[in-house]
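Novice: Listed below are the residues making up each chain.
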Amino acid sequence: MEIKIYKLFFLLTYILLCGSCFEGTDFDQANDVVVTPEIELDLIYFNLEASKFYDYANNTEILVVQDTTDLDFLGGSDINDILKRADFFFEFTNSISREFNVSFDFLNEQNTSKYFMQTTVASGSEDTPVVSYFVQSLDEVQIKELTKAKKVLVTVTIPSSSQDLTGVLNLQSKTTYYLQIEQ
Amino acid sequence: MKKFLIIYLLLGLSVVVCQNKQLLYNWEVTPQTLLLNPGSLVTSQFHAGVPLASGFHFNVGSSGVSVFDVFADDGVAINTKITTTISRLTSRDFFTVNQQLDVLTFGWLSKGFEPMYFSGGIYQELDAIAYFPKDFAILAWEGNRDYIGKAYDFNDISARLDLLTVYHFGVNKQVSKKLTAGVRLKLYSSLISVSSTRNKGAFKTTVREGSANIYEHTVTDLDVEVNTSGFISLDGLEQSQVSKKLLGRALLGGNLGLGIDAGITYQFDNELSLTASVLDLGAIFHTKDTERYRAKGDYTLEGIALVFPELVNGEPAIPYYDNLEDDIAREIPVDTLNTGYTQLRPTKINAGLHYDFGRFVGDNGGCNCKNNGTKKKRVSQAGVQYYSIFRPRGLQLAGTLYYTRRFGNTLSIKTTYTIDSYSAKNIGAGMFLNIAGVNLFLAADNLLQMSNLAKANSVSLQVGLNYILN
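Protein chains in written order, with the working numbering: chain A, 1 to 183; chain B, 1001 to 1470.
Rather than coming from a laboratory, the hints here were simulated on the basis of the structure.
Cβ coordinates follow ideal geometry from the N, Cα and C atoms, glycine included.
Incorrect hints may have been included.
Pairs of lysine-lysine residues, derived as DSS-like cross-links and limited to a Cα-Cα distance of at most 25 Å, are as follows [stated by the list, open to error]: (1) B/K1177 - B/K1134; (2) B/K1177 - B/K1245; (3) A/K151 - A/K114; (4) A/K174 - B/K1288; (5) B/K1081 - A/K84; (6) B/K1425 - B/K1455; (7) B/K1150 - A/K174; (8) B/K1111 - B/K1200; (9) B/K1177 - B/K1376.
Label-pair restraints from in silico Cβ distances [as the list claims (entries may be wrong)]: (10) B/P1309 - A/Q180: 32 to 40 Å; (11) A/E182 - B/T1090: 22 to 30 Å; (12) A/Q136 - B/L1161: 40 to 48 Å; (13) B/T1342 - A/Q136: 33 to 41 Å.
Beyond 10 Å from chain B on every Cβ pair, some chain A residues (computed) [as the list claims (entries may be wrong)]: (14) I39; (15) E40; (16) D42; (17) N58; (18) T60; (19) S95; (20) E99; (21) S103; (22) T112; (23) K114; (24) A122; (25) T128; (26) V141; (27) T157; (28) D164; (29) T176.
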């Protein structure tokens, strides 16, 4: 009787331990996992008063104004490896009665241009500000260059100016980053 | 990010209310049943476990997903399956791993004016739980583009891992003919601990009329804390040095804590009994080798505001980006502290109502006349059991129906049907073999899934080898 019980015990143990398995699964699929988040982030914004385009002290036009900011997150091999596409979206609201040319020059640390984009902003008026949009999509090849940049130089050019010029040129912008992370 | 997701999904993908040892509770008296209820009815004179082999318990599980859900060889792209899984899981779903190894266990009956059964030992335990951080899984997997206006809740992040050794000593006494009670004192020595369980705040990207830029990225009411102990002194050490250090902590060199177990058995009559126990009512005091990180504050990001300053020659440009980083660091400072902290142990409660029936073990006929007042085992016992454990997000509960059948004094088989919030088809079985006082037990859960563990939400296994003198 006891011998049978031992046999039963060990048989059941064997079934329990060896009878269990993973079936119908393919763990190699883990190699196919691709994480593709799409991230929207604000970029830069400004409100340029018309008075910025006139030197009241010397009574002269200022036809070009510039500013620059570092964009440290763009540089580096990490982002370079995983950023596959980026869409830049710019929305200008112009209440100055002038057309503008606005450029965005992405520079590396040696101030060498790695990517350049520009657009024209339609003129408006204080009563009826005009909204202009500019969208630039960068593919993987262009992204490779962009991610060598560390900063952006923004240049706003006005064809002519005067001390009576009024209004504001407003910019709001965002970027959609398309990431692709895989093994 | 990807590694994080894969580890999260892989680790969790197969086990449920971890630590529930419904098969061992109120079963044949092994050292392990005394650990589950120090007030168990003890009939033995002496017991000793085989060092490192007297008891091993392993349980891994997830409340909402199985390995099969993600890795099924079904022709569906794995990314699609992960997307489906993320959308199906909630932030109350969790992944658990629990492992216990009895290093040493012993017990003896102290005969005297007041007979008492003393028991003690040492066991090592690994316990980890991580709730599914649904909001941040969505953010990592899909980004925020399609979720403008959604609040990503930091409260979703809740996880805890403990590696410790437990030194315990208990006393069990039959207080009256009907009542047996017991208590066990525990001294915890924590080897490693990391937890982040009380986080709050939210991150949100919104479009707001009148805002300076297209979006407002806001972090509101953030209060996130990660507590670690036992990690910083291991940094940079060789593997052998790490092992040596951990061994030292296992031998009461870690952060110490105190706890208590208590339990009772109440025998209504020869057939019906009630048991109840509370385990690990205590805390660990992390006072050394601690590192705690805390981020707190509010911030709204609207991008970088250019002001086109009129710079004279040589004047540096405005460091917008550095200013932005400084602003964020000022508004949401991340403090690193080395102060101590106290961590409650996950307290468990067991209870059961047990009914013995059938002839007495060893009797061949229907005569009960030998049972003159002493507890004598019947061949069958059935009952209900309750289990709960306090986890970071509240109680996790389980209910069990069971049947135990004894075949002489040699073999006992217990089968269980357990139901909890996540599984209604958990059938378990255990076998207890007694050969001249040498006891071997083996118990496992989720037998219905045993043929394909990939489909199981929970898997647990308990084995042990002990010597018990009756």
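Novice: Are the hints correct? Go through all of them and say.
Specialist: A quick look at each hint next to the structure:
1. B/K1177 - B/K1134: 53 Å, violated
2. B/K1177 - B/K1245: 49 Å, violated
3. A/K151 - A/K114: With Cα atoms ~10 Å apart, A/K151 and A/K114 stay inside 25 Å; holds.
4. A/K174 - B/K1288: 47 Å, violated
5. B/K1081 - A/K84: Roughly 23 Å between the alpha carbons, so the hint for B/K1081 and A/K84 holds.
6. B/K1425 - B/K1455: Status holds; Cα separation ~12 Å.
7. B/K1150 - A/K174: Roughly 18 Å between the alpha carbons, so the hint for B/K1150 and A/K174 holds.
8. B/K1111 - B/K1200: 56 Å, violated
9. B/K1177 - B/K1376: Given pair B/K1177, B/K1376 holds - Cα atoms ~13 Å apart, limit 25 Å.
10. B/P1309 - A/Q180: 32 to 40 Å: 38 Å, holds
11. A/E182 - B/T1090: 22 to 30 Å: 27 Å, holds
12. A/Q136 - B/L1161: 40 to 48 Å: 46 Å, holds
13. B/T1342 - A/Q136: 33 to 41 Å: 55 Å, violated
14. I39: Contrary to the label, A/I39 does not stay out of reach of chain B, its closest Cβ about 4 Å off (not over 10 Å).
15. E40: Given that some Cβ of chain B is not farther than 10 Å from that of A/E40, nearest at about 5 Å, it is violated.
16. D42: With a cut-off of 10 Å, A/D42 comes too close to chain B, as the shortest Cβ separation is near 3 Å.
17. N58: Holds, because the least Cβ-Cβ distance between A/N58 and chain B comes to about 12 Å, which exceeds 10 Å.
18. T60: Check passes; 13 Å lies beyond 10 Å.
19. S95: Label holds. Min Cβ-Cβ 16 Å, cutoff 10 Å.
20. E99: 18 Å, holds
21. S103: 13 Å, holds
22. T112: 17 Å, holds
23. K114: 17 Å, holds
24. A122: 19 Å, holds
25. T128: A/T128 clear of chain B: closest Cβ-Cβ about 19 Å, beyond 10 Å.
26. V141: 22 Å, holds
27. T157: Holds, since 12 Å exceeds 10 Å.
28. D164: 20 Å, holds
29. T176: Check fails; 6 Å does not lie beyond 10 Å.
Hint compliance for this structure: hints 1, 2, 4, 8, 13, 14, 15, 16 and 29 are not met, and every other hint is.
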